[in-house]
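Visitor: Could you slot chain B onto chain A? The hints should help.
Respectively, the protein sequence lines represent chains A and B.
Note that our numbering numbers the first sequence so that position 262 is 327, with each residue one more than the last.
Note that our numbering numbers the second sequence so that position 215 is 280, with each residue one more than the last.
Worth flagging that the hints you see were computed from the coordinates, not collected in a lab.
Keep in mind that the hints are not guaranteed to be accurate.
With a straight-line cut-off of 30 Å between C-alpha atoms, the simulated DSBU-like cross-links for lysine-lysine are [claimed, not checked]:
| hint | chain 1 | residue 1 | chain 2 | residue 2 |
| --- | --- | --- | --- | --- |
| 1 | A | K216 | B | K205 |
| 2 | A | K326 | A | K68 |
| 3 | A | K238 | B | K257 |
| 4 | B | K277 | B | K257 |
| 5 | B | K242 | A | K216 |
| 6 | A | K238 | B | K238 |
| 7 | A | K257 | B | K238 |
| 8 | A | K216 | B | K238 |
| 9 | A | K92 | B | K205 |
Protein chains: 2
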Amino acid sequence: MTKQELFENIKRKKSFLCVGLDTDVNKIPEHLFDAEDPIFEFNKAIIDATADLCVAYKPNLAFYESLGLEGWEVLERTVDYIRENYPDQFIIADAKRGDIGNTSAMYARTFFGNMEFDSVTVAPYMGEDSVTPFLTYEGKWVTLLALTSNKGALDFQFMRDAEGELLFQKVLKTSAKWGTDENMMFVVGATKAEMLTDVRAIVPEHFLLVPKYGMNSSCGLLVNSSRQIIYAASDATYATAAREEAQLVQAEMEEILREAKLV
Amino acid sequence: MTKQELFENIKRKKSFLCVGLDTDVNKIPEHLFDAEDPIFEFNKAIIDATADLCVAYKPNLAFYESLGLEGWEVLERTVDYIRENYPDQFIIADAKRGDIGNTSAMYARTFFGNMEFDSVTVAPYMGEDSVTPFLTYEGKWVTLLALTSNKGALDFQFMRDAEGELLFQKVLKTSAKWGTDENMMFVVGATKAEMLTDVRAIVPEHFLLVPKYGMNSSCGLLVNSSRQIIYAASDATYATAAREEAQLVQAEMEEILREAKLV
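Okay, chain A solo, but in the shape it has when bound (with noise of 0.2 Å):
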């Protein structure tokens, strides 16, 4: 997907949510054990429910490799139902990888050529040759984590150098030559307001996938929520509920937009 294509997307739909599909076997709601594929089930219910207000999904790889072979057969079923259904979404990997080249090639291979994944989350530690492998896939992007939004952020991506530079923010600027705003976007967890202006004054035409803040004139996020929505109602309400929940915050982001004279 271009990045046109994901703002035109946005604007159409008036949303810039992300459905993060965290599916958690041991949150899902009782009566889908009947079926063959509760998991699969589940998340084909959430999407129905929340495709129209939500311009992407991203499963947390993690949720679906905890239950093995059957996990990964999930993982897969749910990527294609999105493809097949609704191909105007973006599909993020929330997989975090990040490695020598020839091992990120074989990374890219699964999410891009196996898989029809839009985009990956990789970690930057290991630096350029660790991110450019999942560059070379045409219509495809690297979301980088920059700065993440847990407690631990705070152990290493703050550390400063002589010139006063914070690590995410050389990971930005660094990592912004790599490639483009048309196959690069960055995870930046700000918490306040004026970090994301630090951020936007680094990277200012890039997508962002974040809490909140730092739009730009193609929009330029991504408001990424998992659990309040997938979980809103434990029961077999869920569907209707996570579909109440993401028109709420939709009907927040049309005004945010609107605001913004984006739509």
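Guide: Frame of chain A, contents of chain B only:
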């Protein structure tokens, strides 16, 4: 496996070799494609030919994932085969994982609960809560990336703070407090002996997964070799050739261990 058990295995086998099972379907001998499961057959033969010469195996997850469901099945079979036939081997999942707490916990369950790995490689970028979930399994280890040996290591790992400390040194110093030398080891792809001296000043007692140098009083090293061993020959003699290559490395290691008076 405890650190003491690992050291005992090293002394008994006079080797601290780790064989990297980066098994590439495009690189295995052609005659294996007559077998029902060529990749497993390849791994099995390599393992049988080298198990008395090494103390660890390290399957590279990317190579298995890139084969989809079949790849995961081969990975599971390979780990089971090592466990059943060579229970003294230390098995490292070279997966470079690392995510927020609940997600890292899922990955830990995959590698330590569902599969019987002894350790998994973890990337440090997301900090403490991305690593500690892997440390909650008795007898299991984190192999944390500190200094990698690829060219991209120069991009961020050598970032220097105002006090002159480099990022990989900060990673070693900070993360060493999250666990102990009984449940953490570090990837240190140092290409110069003096770099290992610096590393040993920070983590004197920990095991290191390295190209070479930096022994301590319980050896404290695992030296990985992947392609040099498993692709020593590309014809039907591949297992014998792998064994011969492993023997050469083991003989060198025995000499080094003797010089250090550890055997």
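Visitor: Now tell me if each hint is right for this structure.
Guide: Here is what the structure says about each hint:
The suggested pairing of A/K216 with B/K205 holds, with an alpha-carbon distance near 24 Å, which does not exceed 30 Å. Distance hint between A/K326 and A/K68 is fulfilled; the C-alpha atoms sit about 18 Å from each other, no more than 30 Å. Annotation: proposed proximity of A/K238 to B/K257 holds, straight-line Cα distance about 29 Å (limit 30 Å). Using a Cα cut-off of 30 Å, the hinted pair B/K277 and B/K257 holds, with the two alpha carbons roughly 9 Å apart.
A C-alpha spacing of about 16 Å is found between B/K242 and A/K216, which places the hinted pair at or below 30 Å, so the restraint holds. A distance of roughly 26 Å separates the Cα atoms of A/K238 and B/K238; the hinted pair therefore holds under the 30 Å criterion. Restraint check for A/K257 and B/K238: the C-alpha separation of about 29 Å stays at or below 30 Å, so the hint holds. For the hint linking A/K216 to B/K238, the alpha-carbon distance of about 18 Å falls within 30 Å, and the restraint holds.
Distance check on the hinted pair: A/K92 and B/K205 sit about 27 Å apart at the alpha-carbon level, within 30 Å; holds.
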